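Q: Here is what each chain is made of, one letter per residue.
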Amino acid sequence: MYKRQAIKDVGRETSMFFARCIVALLIVFILLLVLISRQFKLQVLDYEKYQTQSENNRISIQSVAPVRGLIYDRDGKLLAQNRSIFTLEITPEQTRDLPKLVQELRKVLSISDEQVLKFLEQIKFRPKFNSYVLKSNLTEEEVAKFSVVQHMYPGASLEARLERYYPYKDELVHVLGRMGAINVEELEAMDEETRLRYAATSKIGKLGLERYYESILHGEVGSQRVETDVRGRIIRVLERDEPVAGMDIHLYLDLGLQRKATQLMKEVGARGSIVAVDPATGGVLAMVSQPGYDPNLFTGGISSEDYRKLLTPERPLYNRAVQGTYSPASTIKPHLAWIGLKEGVITPDTKVRDPGWFSLPNNDRRYRDWKRWGHAPYMDVVDSIIESCDTFFYDLAVRIGIDRIHDGMMQFGFGQKTGIDMEEEKIGILPSREWKRSARKEPWYNGDTVNIGIGQGYWTVTPLQLANATAVLANDGIRYQLQLVREFVDGNIHEQNVPVMAYHQIEVGDGRWLDLVKESMRDVITGTKGTARSAFQGAEYIAAGKTGTAQVKSLGEEEEYDAETLAEKFHDNALFIGYAPYESPQIAIAVVMENAGGGGSNAAPIARKLMDYYLIEQYQESEETTEPEVETNGTAQ
Amino acid sequence: MALLNSTANSHKERYSLLWRWHIDAPLLLGIIALMCFSLLAVYSAGGESIALVKRQAVRFAAGLVVMFVLAQFEPRTFRQWAPALYAVGIIFLLAVIFFGESSKGAQRWIDIGIRFQPSEIMKLAVPLMVAWYFAEKALPPSFLQTIGSLVLVLTPVVLIMLQPDLGTSLLIGASGLFVVFFAGIRWRYILGAILIAAVLIPIMWYFVMHDYQKGRVLTFLNPERDPLGAGYHIIQSQIAIGSGGIYGKGWLNGTQSQLEFLPERHTDFIFAVIGEEFGLVGIVLLLSLYAFVIVRGIYISLQGQETFSRLLGASLILTFFIYIFVNIGMVSGLLPVVGLPLPLISYGGTSIVTLMAAFGILMSIQTHRRLHST
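Keeping their order, the protein sequence lines are chains B and F. Using the working numbering, read the first sequence as starting at -6 and increasing by one per residue. Using the working numbering, read the second sequence as starting at 11 and increasing by one per residue.
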């Protein structure tokens, strides 16, 4: 071979190479043993551990949200439905770097800072294996855009979800309420069991019926064991425990009447409230608070810009029917008259001198009648109701005394909740000595009682209370608990459930007094001097009612009320209560219009039109009424 | 000569055809068995993609052709080419540093019509060069000769490190050092080198290694440090292997791989797919095939009658093993994550061709040896 160096020793080199190969092989086998023992450790000794981890990777348990119950009016017209929308959702558990993912997604879709903040608030205290909405109501274009790149964003997915939709928007918002994302406070208020029920639910009833009947509408959560891939896509469903849809709710509400009432208020540009009640049941036929707003804005999370638009002086978010407290003004004169008659303070023949003002003995202060020169030299109770004579009722109130007024008015439901199925209900103020002592730290003066006689002063009522008190008269003394919901229907088993009707029979005493008051109220409408006569001219039925005009600003003794010079917010509130038909009442109405002027000329005509509609027109009307488009797809059941 | 030839022929009558084509049948058998294993695993790891399997098969075919062609040359020819190949490799490495294209934060590619990694050349060029260097020297080498060989090894290693590609540079360095080892370098030098390495490691840590490389090491030491980032690979691959148990979940039934929890399933982490689907039994079978190929390679090297052939053959086969060890060690959590494929099993491009070229050289060593025995 190529031996140039004499010192090269082939034999020695060969044996040395052989030795080195043996060493190399030895090392190779030792290392192979290391590898095998490592696999033995993983696959045999730690098998259980890795087997479990592999199963945990593969299988996840997901909660399945139930379908929310629907809300219908008395005729089965759908008022609150579920509409399918596309949402962009994130399952925190499946993301590697959540903030980064959100940041990346914002490059693809327009997602506002607000939506991000809402999403982050939502996930804070909730299980990481469920998915939460980052952006809802994706357009078709956005859906298409995202579908293409979805695989690049593990943890983010497009979901078709059912979302609440209110086809009648602002017309029913103050009855139905609205939905919104579950917030931290609501979550913290839930017990463990409720929290589990809401595991897959992202929206909760925030107001109105949606809030009051949340537990009935919500339904029972389901669950499924699924095999998912690394991106959380469901490969197959291994087991499924179906969710149970929430119960449907049917209301007493008459959609036509509700819409008519809203429309009438809108036509005259009025702020205020209308409540119509079925005297025979206490069921609420219409409950309007004007202005309203579109609750659908809130369902997917309202933008702060849209929200700011709702914070106007007209206060559309404010539910006047339930939370608004107003001086009842003359509308409570029939009730006061009845208390006076029942208590024997007056008789039908009692006459009071009416010089156009009233004053307490030993006091110079004059309490003026709205008619400056008085109605007649002497007024009795019937004429005083018909003409709404203030002087008579100043005198009557003082004669009855605040204690008996308070107790008597309690019987009509003032100073307490009507019990309507709304959590937001306010009670107003039914003044009493105790009330004044604790609220005002002052004793009760006789002068306070004078103002109570015409429903002014400290006394405030809600439109609901007013309608209810009207129904009590129409009902000959039976006071029902007001109720929006007529029945619950479990769509799964077709079982109906009627809430218990609670009622209270007031101590009527001599029935003649009630009849006398009712007749007077009828003559408010039919009598030649009735304050609501012109409003009800030519009505095809006989109604009974009472007008009211509430001063918003107290005027000085010699001050004249002049709408021209007074700022609009100090204009009188117009009120009217009434029921019809007189003989067999089917509807009792209370109308309150803020700063609208006189009750007889402003509130009474609206009540008239609603009674016309409810008693006559709705049976004549063809199907021509304009219905908003109710989407049929995506509704539950 | 004639006598030897006739005994060889009578002895290897069954392989006479393969013998004439300069193919070592046992080695070929082992390689083809591994290739079949690879195709099964790639089919499963690639989500049952036939296209992927076809592409892998095409690469194998190309590799076999390269192997077959190289086997036709005499080892002497490789020895003649060695300095030229080494020089070209060094030039390319320099070119990469100055003109290379960057991919994943490291410059490894160079564009000369087709894009390729010059470090692939060096996987063969370095052992060839060092074997060439020792071919005519009296062994064991003297101290100066050892230093000379180390310069030959370390030059490309440093250049590749600068790209930077730590994993490849270390493995190429290893392939050169194996030649030095087989050349009979004295044990005391080896011990000395180990000591120097012990000193160098902290220096490397602070001055040479990039943050991503440090991260890999730290994560290797404690995967839970970053369970969703770098540690995710290691955790998921250990879950895959461990959940396979003794018998495996069955072919195509590995949930870790089929549901894509396992990253880089068909490339660097394919061993985890095998562990999950075929269990410990499958792994032992795979390692046995590898052991067979390695033992055969060492056997061939021992048969070599020239210093050059012996040193080269033994170094190539030991390098082959080091790739296996590093990859499996990494996938099963014994070593930090380095981007190395599992030889002959992972789905992948140039590395298959380089590997098959090495087997071609081994076959050449085996089948040409008698011609020089006179």
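Calculated directly from the structure, the hints in this document are not laboratory data. Because the structure is a prediction, the values reported are computed rather than measured. Beta carbons are placed, not taken as given, at the ideal position from N, Cα and C, and that holds for glycine. There could be a bad hint or two in this list.
[Unchecked claim] Keeping only pairs whose Cα atoms sit at most 20 Å apart, straight-line, the calculated DMTMM-like set for lysine to aspartate or glutamate is:
id: 1; chain 1: B; residue 1: K117; chain 2: B; residue 2: E41
id: 2; chain 1: B; residue 1: K1; chain 2: F; residue 2: E274
id: 3; chain 1: B; residue 1: K117; chain 2: B; residue 2: E6
id: 4; chain 1: B; residue 1: K199; chain 2: B; residue 2: E178
id: 5; chain 1: B; residue 1: K410; chain 2: B; residue 2: E435
id: 6; chain 1: F; residue 1: K147; chain 2: B; residue 2: E6
id: 7; chain 1: B; residue 1: K1; chain 2: F; residue 2: D175
id: 8; chain 1: B; residue 1: K199; chain 2: B; residue 2: E179
id: 9; chain 1: B; residue 1: K259; chain 2: B; residue 2: D287
id: 10; chain 1: B; residue 1: K522; chain 2: B; residue 2: E512
id: 11; chain 1: F; residue 1: K147; chain 2: B; residue 2: E512
id: 12; chain 1: F; residue 1: K224; chain 2: F; residue 2: D175
[Stated by the list, open to error] If you want the footprint, here are the derived chain F segments under chain B, 3+ residues with CB under 8 Å:
id: 13; stretch: 289 to 295
id: 14; stretch: 307 to 316
[What the hints assert, rightly or not] Computed, partial: chain F to chain B, Cβ under 7 Å:
id: 15; residue: S152
id: 16; residue: T156
id: 17; residue: F192
id: 18; residue: R196
id: 19; residue: Y199
id: 20; residue: G260
id: 21; residue: L262
id: 22; residue: F331
id: 23; residue: L344
id: 24; residue: P346
id: 25; residue: V348
Q: Kindly indicate which numbered hints from before are broken by the structure, ordering the numbers from low to high.
A: Going through the list in order, the structure violates hints 1, 2, 3, 5, 7, 11, 15, 16, 18, 19, 20, 21, 24, 25 and respects the others.
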